[in-house]
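Undergrad: Got chain A sorted already, so can you dock chain B onto it with the hints?
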Amino acid sequence: GESVGLHLPTLSVQEGDNSIINCAYSNSASDYFIWYKQESGKGPQFIIDIRSNMDKRQGQRVTVLLNKTVKHLSLQIAATQPGDSAVYFCAENRPKGNTGFQKLVFGTGTRLLVSP
Amino acid sequence: EAQVTQNPRYLITVTGKKLTVTCSQNMNHEYMSWYRQDPGLGLRQIYYSMNVEVTDKGDVPEGYKVSRKEKRNFPLILESPSPNQTSLYFCASSLKGGNTEAFFGQGTRLTVV
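Chains as they are written, first to last, in the working numbering: chain A, 320 to 435; chain B, 359 to 471.
Hints listed in this document are in silico derivations from the structure and should not be mistaken for laboratory results. Any given hint could be a false lead.
Stated by the list, open to error - Heads up, simulated DSS-like pairs for lysine-lysine below, C-alpha to C-alpha not over 25 Å straight-line:
#1 Lys422(A) x Lys429(B)
#2 Lys356(A) x Lys375(B)
#3 Lys429(B) x Lys376(B)
#4 Lys375(A) x Lys454(B)
#5 Lys387(A) x Lys356(A)
#6 Lys375(A) x Lys422(A)
#7 Lys423(B) x Lys375(B)
#8 Lys415(B) x Lys427(B)
#9 Lys427(B) x Lys454(B)
#10 Lys387(A) x Lys361(A)
#11 Lys422(A) x Lys375(B)
#12 Lys387(A) x Lys454(B)
#13 Lys356(A) x Lys375(A)
#14 Lys361(A) x Lys422(A)
#15 Lys429(B) x Lys454(B)
#16 Lys427(B) x Lys376(B)
#17 Lys415(B) x Lys454(B)
#18 Lys387(A) x Lys375(A)
#19 Lys429(B) x Lys415(B)
#20 Lys454(B) x Lys423(B)
#21 Lys387(A) x Lys375(B)
#22 Lys375(B) x Lys415(B)
#23 Lys376(B) x Lys415(B)
#24 Lys387(A) x Lys422(A)
#25 Lys427(B) x Lys422(A)
#26 Lys422(A) x Lys454(B)
#27 Lys423(B) x Lys422(A)
In isolation and in its complexed conformation, chain A is listed as follows (with noise of 0.2 Å):
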């Protein structure tokens, strides 16, 4: 079936790169995606938001891109941190039929290490 979907299940980055953390999606009726940080033993944290109607959002040290033509989201970490190491996931809302119902389907992950 449909799903959220990440290119690089593991990036390893030194500290003061920037990170880029890619997404595809399926299904071009999103209209609202979230990247969540998740550190171990916690649960997923909100990092930045996007609607359909916007191609890019900035945040503290992070971008969020939205390119709805071939379905694909990337979040950018600027200047990343050892504090940034994580596993990553994208999130799409997704309208269920024609119930109005709505639901965030997420993505698999992707790990960030970061080496001091």
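TA: Same frame as chain A, but now just chain B:
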């Protein structure tokens, strides 16, 4: 402090013994959901609730039940747990469904032997 609270954090049980994992949120959110997280499979939605007394199946509902009698609570019930339900479970809430930020609990690690 705004939070989603799950209990217990860890649970080991035997096959067939009914159990309930509680979830409570203090943000007056309408939407709550349960996920299970398994290696290589990410987060998969079990059940969700759009509001009090309104629930629906997610992607992997078999073997689970939920109820939403009050806005703040959304317990997950396993009537007859089986070993394939060994997993890490997360409860989440959001203001109004999938198009708003979801807040997650700390997780419940369940082992069924």
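Undergrad: Please name the hints from earlier in the document that this structure breaks, with their numbers sorted from lowest to highest.
TA: Hints 2, 10, 11, 21 not satisfied by this model.
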